[in-house]
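Chain residues, written in single-letter form:
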Amino acid sequence: NAGVTQTPKFQVLKTGQSMTLQCAQDMNHEYMSWYRQDPGMGLRLIHYSVGAGITDQGEVPNGYNVSRSTTEDFPLRLLSAAPSQTSVYFCASSYSGYETQYFGPGTRLLVL
Amino acid sequence: DAKTTQPNSMESNEEEPVHLPCNHSTISGTDYIHWYRQLPSQGPEYVIHGLTSNVNNRMASLAIAEDRKSSTLILHRATLRDAAVYYCILKGAQKLVFGQGTRLTINP
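If you read the sequences in order, they're chains A and B. For the first sequence, the residue numbers in this note's numbering are -7 to 104. For the second sequence, the residue numbers in this note's numbering are 11 to 118.
In case anyone wonders, no lab produced these hints; they're calculated from the structure. Backbone N, C-alpha and C define an ideal beta-carbon position, used for all residues, glycine too. One or more of the hints may lead you astray.
[To be verified] Chain B is nowhere near these chain A residues, computed Cβ spacing over 12 Å in every case: (1) Thr(-1); (2) Met11; (3) Asp18; (4) Leu35; (5) Ala44; (6) Glu51; (7) Asn54; (8) Leu71; (9) Ala84; (10) Ser86; (11) Gln93; (12) Gly98; (13) Arg100; (14) Leu104.
[As the list claims (entries may be wrong)] Derived, one-sided and incomplete: chain B residues facing chain A with beta-carbon distance under 7 Å: (15) Tyr56; (16) Gly60; (17) Gln110; (18) Gly111.
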């Protein structure tokens, strides 16, 4: 199993540009989530999904969109990037959300 | 979500035991106590979790106070690879809510 994979590893954007951060898992997990981690801080939940077709907001959802059309994939979209969205983004998955969550390696995003 | 309180940082020596404390005085009866750690430049990884009884696994031990208002993660013999930020998280629902964690430094 590849586990949780994220692409790209690193991205530089200009203010106002849009992009999609990709997250995929091959463990047949129903629960997937996106976090952001700012320097020196803990992780904050952006959006999560309990299964295909179902998404919900976390602690810091503004500026981000998600969809879950398949069990395997959970992309995170930035519609109009802002410097405040400079951060490291982590995707995680688990069977139902109540069990151990497995994290991807992260995407480092710099918005100029 | 119930909150946890951890020291910002701790330091220990290689091959010595490490006790990482966590206070959670507002824990509810259905909250599990989870520990994750984050090695430098990596995503968090699961360490251990428990509800009421002490727990052991290949990575660590978790000691839970009888009133469940505090817990301690025990690394029995720290190695340099254990240098990381350790997060104590109360989990009653599906979401993981991270605090600041404890930055553990291991001296050779």
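### Query
Would you say A:Leu35 is clear of chain B, with no C-beta pair closer than or equal to 12 Å?
Nearest chain B Cβ is 4 Å from A:Leu35, so the label is violated.
### Closest C-beta approach of B:Gln110 to chain A relative to 7 Å, hint status
Holds: closest Cβ of chain A sits about 5 Å from B:Gln110, inside 7 Å.
### Message
According to the definition I'm using, a residue is off the interface if its beta carbon is farther than 12 Å from all beta carbons of the partner; does A:Ala44 meet that for chain B?
### Response
Given that every Cβ of chain B is farther than 12 Å from that of A:Ala44, nearest at about 16 Å, it holds.
### Query
Minimum Cβ separation between A:Ser86 and chain B greater than 12 Å?
8 Å, violated
### Query
Is A:Asp18 truly not at the interface, in the sense that its beta carbon sits beyond 12 Å from all beta carbons of chain B?
Nearest chain B Cβ is 16 Å from A:Asp18, so the label holds.
### Task
Over 12 Å to the closest beta carbon of chain B is the bar; see if A:Leu71 clears it.
24 Å, holds
### Reported absence of A:Asn54 from the contact zone with chain B (all CB gaps over 12 Å)
17 Å, holds
### Task
Grab the minimum beta-carbon distance between A:Gln93 and chain B and tell me whether it stays above 12 Å.
6 Å, violated
### Query
Closest CB-CB distance from A:Thr(-1) to chain B, is it above 12 Å?
14 Å, holds
#### Entry: chain B versus A:Met11 - minimum CB to CB distance exceeding 12 Å, so not interface
Holds: least Cβ distance 20 Å, greater than 12 Å.
### Query
Measuring from the C-beta of B:Tyr56 to each C-beta in chain A, is the shortest one below 7 Å?
Holds. Min distance 4 Å.
### Interface restraint verdict for B:Gly60 against chain A (beta-carbon cut-off 7 Å)
13 Å, violated
Going down the numbered hints, you'll see the structure goes against 4, 6, 9, 10, 11, 12, 13 and 16, while the others check out.
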